[in-house]
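This is what each chain is made of:
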Amino acid sequence: MSVARPALHDPAWLPRLFWGSAALVLLWPLLVLTEFRPWLLWAPESRGPTLNFLAAFVPPAHSGEFLLLVARETWRTVAIATAGIVLALIIAIPGALLTTRMLSVSALSGRMAALPFAVRQGLRLVLIVLRSVPELIWALVFVRVVGLGPTAGVLAIALTYGGMLGKVYGEILESGEGHAAVSLLRNGSGRLQAFFYGLLPQNAAELTSYTVYRWECAIRSSVVLGFVGAGGLGQQMDNSMKMFAGGEVATMLIVFVALVALADRVSAWLRRQLG
Amino acid sequence: MSTPLPPSCRGPAPIAANQPYRLPPPLFDARCLACWFSLGLVVLVAASFWSLDLQWAAFVSAEALGAMGRFVGEFFPPDFSAPFLRKVAWASAETLAMSALGTLIAVALGLALALPASRSHDGDRAPARVPTRLVLNALRSVPELVWAALLLISAGLGPFAGTLALALHTTGVLGRLFAEAIENAPPGPSTALRTQGLGGGRVFLYATLPQILPQLLSYSLYRWENNIRAAAVLGVVGAGGLGQMLAFHMGLFHMPKTATILIAMLILVALVDLASYVARRRMAS
Numbered sequence: 001m002s003v004a005r006p007a008l009h010d011p012a013w014l015p016r017l018f019w020g021s022a023a024l025v026l027l028w029p030l031l032v033l034t035e036f037r038p039w040l041l042w043a044p045e046s047r048g049p050t051l052n053f054l055a056a057f058v059p060p061a062h063s064g065e066f067l068l069l070v071a072r073e074t075w076r077t078v079a080i081a082t083a084g085i086v087l088a089l090i091i092a093i094p095g096a097l098l099t100t101r102m103l104s105v106s107a108l109s110g111r112m113a114a115l116p117f118a119v120r121q122g123l124r125l126v127l128i129v130l131r132s133v134p135e136l137i138w139a140l141v142f143v144r145v146v147g148l149g150p151t152a153g154v155l156a157i158a159l160t161y162g163g164m165l166g167k168v169y170g171e172i173l174e175s176g177e178g179h180a181a182v183s184l185l186r187n188g189s190g191r192l193q194a195f196f197y198g199l200l201p202q203n204a205a206e207l208t209s210y211t212v213y214r215w216e217c218a219i220r221s222s223v224v225l226g227f228v229g230a231g232g233l234g235q236q237m238d239n240s241m242k243m244f245a246g247g248e249v250a251t252m253l254i255v256f257v258a259l260v261a262l263a264d265r266v267s268a269w270l271r272r273q274l275g
Numbered sequence: 276m277s278t279p280l281p282p283s284c285r286g287p288a289p290i291a292a293n294q295p296y297r298l299p300p301p302l303f304d305a306r307c308l309a310c311w312f313s314l315g316l317v318v319l320v321a322a323s324f325w326s327l328d329l330q331w332a333a334f335v336s337a338e339a340l341g342a343m344g345r346f347v348g349e350f351f352p353p354d355f356s357a358p359f360l361r362k363v364a365w366a367s368a369e370t371l372a373m374s375a376l377g378t379l380i381a382v383a384l385g386l387a388l389a390l391p392a393s394r395s396h397d398g399d400r401a402p403a404r405v406p407t408r409l410v411l412n413a414l415r416s417v418p419e420l421v422w423a424a425l426l427l428i429s430a431g432l433g434p435f436a437g438t439l440a441l442a443l444h445t446t447g448v449l450g451r452l453f454a455e456a457i458e459n460a461p462p463g464p465s466t467a468l469r470t471q472g473l474g475g476g477r478v479f480l481y482a483t484l485p486q487i488l489p490q491l492l493s494y495s496l497y498r499w500e501n502n503i504r505a506a507a508v509l510g511v512v513g514a515g516g517l518g519q520m521l522a523f524h525m526g527l528f529h530m531p532k533t534a535t536i537l538i539a540m541l542i543l544v545a546l547v548d549l550a551s552y553v554a555r556r557r558m559a560s
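Quick mapping for you: the protein sequence lines, in order, are chains G and L. Per the numbering used here, the first sequence starts with residue 1, numbered consecutively. Per the numbering used here, the second sequence starts with residue 276, numbered consecutively.
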């Protein structure tokens, strides 16, 4: 009597072997392109400066004067993010109102007319282009135009986040229940009235919650923008790194992590309150 | 009272049959959260604009607008000569490679850190959970660009620093997501294996991992998408790819070349957006 013995080897060994070796072959160009040479990290000419830099991290710089500077720059980081978001709303709110299909009068009777359709799609494209240019690139360009300082950071955040908020606001408005707005429009109300009485009440919480979330993201990115000279904590951190002042970098990293954690908490709390 | 109250109503006081008339709430009262929130918002915005010395003059004056126009005009025509295009294509490939390798390293490290950072079953004490999560949070809360600037000191200029920076930040993000995926996996299969006496490693490999694999994959792909976008700009601090080229040519005021690089970046980002949109559509349907 022969008992069917279970296979003792992996039945799928051939595909596994093939895909495994294919992955290795694909990995090779990646390693070459990224100049992946981890042993260089331990080469004497990079080891020394690194260890010196890290050794300077303890103790973090804590002189009163420096802490005052850090506090001022931290506030500027928050202020850049806040001002940027406020300016972004100036782009985003009209953009969202103009691109929402729900507020189209001609779409009430079947298809949207050609001209409004073209305007909506064109504006949506503008918002997408604004959004897809990273804020760092805007900042690099604006630093050239208006010089070093917070203005470039505020404008960079305003443009990128304006596109982002406008696009997402439009999507939020369209994903909601459109019945009230459509009824209002059909009964002869204006588009703004339909927005304020039909669309806004049901979407207000979601819109606010998304804005708060983006504000938190803007704080994070305003630090990064400092590295190209747009003011705030990032610029100070960049300066200290260039001078290999490990203690100062350590203090600012701690402050930055704390700031991000705080913004995270505040934004999570606010969004929970909004429900 | 004819019927006994259902058990769920035992806690709070029963509602009166006739509710007393109540006045509408006063517009501003000390406990009104929305009022305090709005007030705080107004103060924050006002203080922000007041404390930043924004140079509006640089925008509204005619000569500033002219300078801006000239600045934009210098971008045209972009440099489309063949050797330069080849260099840009090479830098784009470098950017893609940085993001792919960075994500790959982060997936491996993230999974390795997610195991101690998660509680595999209710009885698991998971002593390393809190410290590992602390490490993951620290890795995550420092942005890629700051990591890159820090790593320049030890890894030198070039794509290696950028790759490591992406890997470190993404490890923090993915480690946390993976840990949550492990903790939220349905406990049935792993309980079945554990009650048979299998060790933690085999329980993970044969029960938990197969269940969460699709989730891990989708998180990783999502982060890769983010990382391509991040890698494109990471170079401006000198960490390789298109960004480094951009910073270099912009610093030397090679405006036509800068324009070409900017176009390449936009195309890269647009392609990634398109690919992710198509992939999402495919998966949803």
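What the hints contain is simulated information worked out from the structure, not anything from laboratory work. Every residue, glycine too, gets a C-beta built ideally from N, C-alpha and C. One should not assume that every hint holds.
Said to hold, decoys possible - Far from chain L, by Cβ distances over 12 Å, these chain G residues were calculated:
id, residue
1, TRP13
2, LEU40
3, SER63
4, LEU68
5, ALA81
6, MET112
7, ARG120
8, GLU135
9, ALA139
10, TYR210
Stated by the list, open to error - One-sided and incomplete, this derived list gives chain L residues near chain G with beta-carbon spacing under 10 Å:
id, residue
11, MET373
12, VAL410
13, ALA413
14, VAL421
15, LEU425
16, VAL448
17, ALA456
18, LEU492
19, TYR494
20, LEU496
21, ARG504
22, ALA505
23, ALA507
24, LEU527
25, PHE528
26, PRO531
Taking the hints in turn, this is what the structure says about them:
Consistency note on G:TRP13: stated as away from chain L, and its beta-carbon is indeed over 12 Å from all of that chain's, at 17 Å minimum. Consistency note on G:LEU40: stated as away from chain L, yet its beta-carbon is not over 12 Å from all of that chain's, at 7 Å minimum. Every C-beta of chain L lies more than 12 Å from that of G:SER63, the closest at about 22 Å, which supports listing it as non-interface. With a cut of 12 Å on Cβ distances, G:LEU68 stays outside the contact zone with chain L, its closest approach being about 15 Å.
The Cβ of G:ALA81 does not lie farther than 12 Å from every Cβ of chain L; its closest approach is about 8 Å, which violates its non-interface assignment. No Cβ of chain L approaches the Cβ of G:MET112 within 12 Å, the least distance being about 22 Å, so the stated non-interface status holds. Residue placement check: G:ARG120 keeps its beta carbon more than 12 Å from all beta carbons of chain L (closest about 19 Å). A cut-off of 12 Å between C-beta atoms contradicts the statement that G:GLU135 is not in contact with chain L; the least separation is 9 Å.
For G:ALA139, the shortest C-beta to C-beta distance to chain L comes to about 9 Å, within the 12 Å cut-off, and the non-interface label is violated. Every beta carbon of chain L lies more than 12 Å from that of G:TYR210, the smallest distance being close to 15 Å; the non-interface claim holds. For L:MET373, the interface hint holds, since its Cβ comes within 10 Å of a Cβ in chain G; the closest pair sits about 5 Å apart. Taking 10 Å as the C-beta cut-off, the interface hint given for L:VAL410 is violated, the closest approach to chain G being about 12 Å.
Interface hint at L:ALA413: satisfied, since its Cβ lies 7 Å from the closest Cβ of chain G, which is below the 10 Å cut-off. Restraint check, L:VAL421 versus chain G: the minimum CB separation of about 7 Å is within 10 Å; hint holds. With its C-beta approaching chain G no nearer than about 7 Å, L:LEU425 sits inside the 10 Å limit, and its interface hint holds. Taken as an interface hint, L:VAL448 does not check out: its beta carbon lies about 13 Å from the nearest beta carbon of chain G, beyond 10 Å.
Checking L:ALA456 against chain G by beta carbon gives a least distance of about 20 Å; that is not within 10 Å, so the hint is violated. Annotation: interface hint on L:LEU492 violated; nearest CB of chain G at approximately 14 Å, more than 10 Å. This hint is violated: L:TYR494 has a C-beta 19 Å from the nearest C-beta of chain G, more than the 10 Å allowed. The beta carbon of L:LEU496 is not positioned within 10 Å of any beta carbon in chain G (closest approach about 16 Å), and the interface hint is therefore violated.
Here the hint on L:ARG504 is kept, as its CB sits about 7 Å from the closest CB of chain G, short of 10 Å. Because the beta carbon of L:ALA505 sits about 8 Å from the nearest beta carbon in chain G, less than 10 Å, this interface hint is met. A hinted interface residue such as L:ALA507 counts as satisfied when its beta carbon comes closer than 10 Å to some beta carbon of chain G; here the least separation is about 7 Å, so the hint holds. Interface hint at L:LEU527: violated, since its Cβ lies 12 Å from the closest Cβ of chain G, which is beyond the 10 Å cut-off.
The closest approach between the C-beta of L:PHE528 and any C-beta of chain G is roughly 9 Å, which is under the 10 Å cut-off, so the hint is satisfied. At about 15 Å, the closest approach between the beta carbon of L:PRO531 and any beta carbon in chain G exceeds 10 Å, and the interface hint on this residue is violated.
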